[in-house]
Amino acid sequence: EPEVTQTPSHQVTQMGQEVILRCVPISNHLYFYWYRQILGQKVEFLVSFYNNEISEKSEIFDDQFSVERPDGSNFTLKIRSTKLEDSAMYFCASSDRAKNIQYFGAGTRLSVL
Amino acid sequence: AQSVTQPDIHITVSEGASLELRCNYSYGATPYLFWYVQSPGQGLQLLLKYFSGDTLVQGIKGFEAEFKRSQSSFNLRKPSVHWSDAAEYFCAVGISNFGNEKLTFGTGTRLTIIP
Numbered sequence: 721e722p723e724v725t726q727t728p729s730h731q732v733t734q735m736g737q738e739v740i741l742r743c744v745p746i747s748n749h750l751y752f753y754w755y756r757q758i759l760g761q762k763v764e765f766l767v768s769f770y771n772n773e774i775s776e777k778s779e780i781f782d783d784q785f786s787v788e789r790p791d792g793s794n795f796t797l798k799i800r801s802t803k804l805e806d807s808a809m810y811f812c813a814s815s816d817r818a819k820n821i822q823y824f825g826a827g828t829r830l831s832v833l
Numbered sequence: 383a384q385s386v387t388q389p390d391i392h393i394t395v396s397e398g399a400s401l402e403l404r405c406n407y408s409y410g411a412t413p414y415l416f417w418y419v420q421s422p423g424q425g426l427q428l429l430l431k432y433f434s435g436d437t438l439v440q441g442i443k444g445f446e447a448e449f450k451r452s453q454s455s456f457n458l459r460k461p462s463v464h465w466s467d468a469a470e471y472f473c474a475v476g477i478s479n480f481g482n483e484k485l486t487f488g489t490g491t492r493l494t495i496i497p
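Just so you know, the sequences run in chain order A and B. Residue numbering for the first sequence follows my numbering, beginning at 721 and increasing consecutively. Residue numbering for the second sequence follows my numbering, beginning at 383 and increasing consecutively.
These are computed hints drawn from the structure, not numbers from a lab. Ideal Cβ placement from N, Cα and C applies to all residues, glycine included. One thing to keep in mind: the hints can contain errors.
As the list claims (entries may be wrong) - Derived pair list, reagent style BS3-like, types lysine-lysine, alpha-carbon separation capped at 25 Å:
hint, chain 1, residue 1, chain 2, residue 2
1, A, K762, B, K450
2, A, K803, B, K443
3, B, K443, A, K798
4, A, K777, B, K443
5, A, K777, A, K803
Claimed, not checked - Here chain A is said to cover these stretches of chain B; the calculated rule only asks that three of the stretch's residues, wherever they fall, bring their Cβ under 8 Å from a Cβ of chain A:
hint, stretch
6, 404-412
7, 416-430
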């Protein structure tokens, strides 16, 4: 069964460093998303992406965040200068229009020290 | 804006017993409702969804959920739980059916199964 793949599974970085979280969505999907889950809290929407542009973003998704689909398969989330409060599990999801179901990856745990 | 409430933070159930996890939503129109399960160290797996039609929906692993518009609820049920059902369960609401919408999640219910 097709699945969303995220790498790395765990990323440790120093405060102020840039990180790039990578995702390979399901191949025929057109809509892509990032969510995050701070430890012990609920899953929160960050951004949705379609047709090579951001469709919607939350207030969390400030200028430090960016997303990109650099080629036909990858979907990335970049945090330019990480802060301690960026420590969280980041989930990538994808969906197709026909089924309208978001399929999630296993997540990348980001630890900012 | 839409919101989801899962009033039970933690539920403990004996193996073989029945289960009901509560979910209430707030949204002005007909929502699109989902239950996801997250096992330790895993991602979010879709259990079931409600878009329209029959208000009782069947999902994977023997789960079902019932949409009750009058109560703004979408409770998840299972007649007999297995030890492997121990996980975190999230209810979520989506606001459109056009493929490009955000999901708003509840805070989750952690399910513990005792022998």
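Right, here's what the structure says about each hint:
no., hint, result
1, K762/A - K450/B, "holds (24 Å)"
2, K803/A - K443/B, "violated (39 Å)"
3, K443/B - K798/A, "violated (36 Å)"
4, K777/A - K443/B, "violated (33 Å)"
5, K777/A - K803/A, "holds (19 Å)"
6, 404-412, "violated (count 0)"
7, 416-430, "holds (count 8)"
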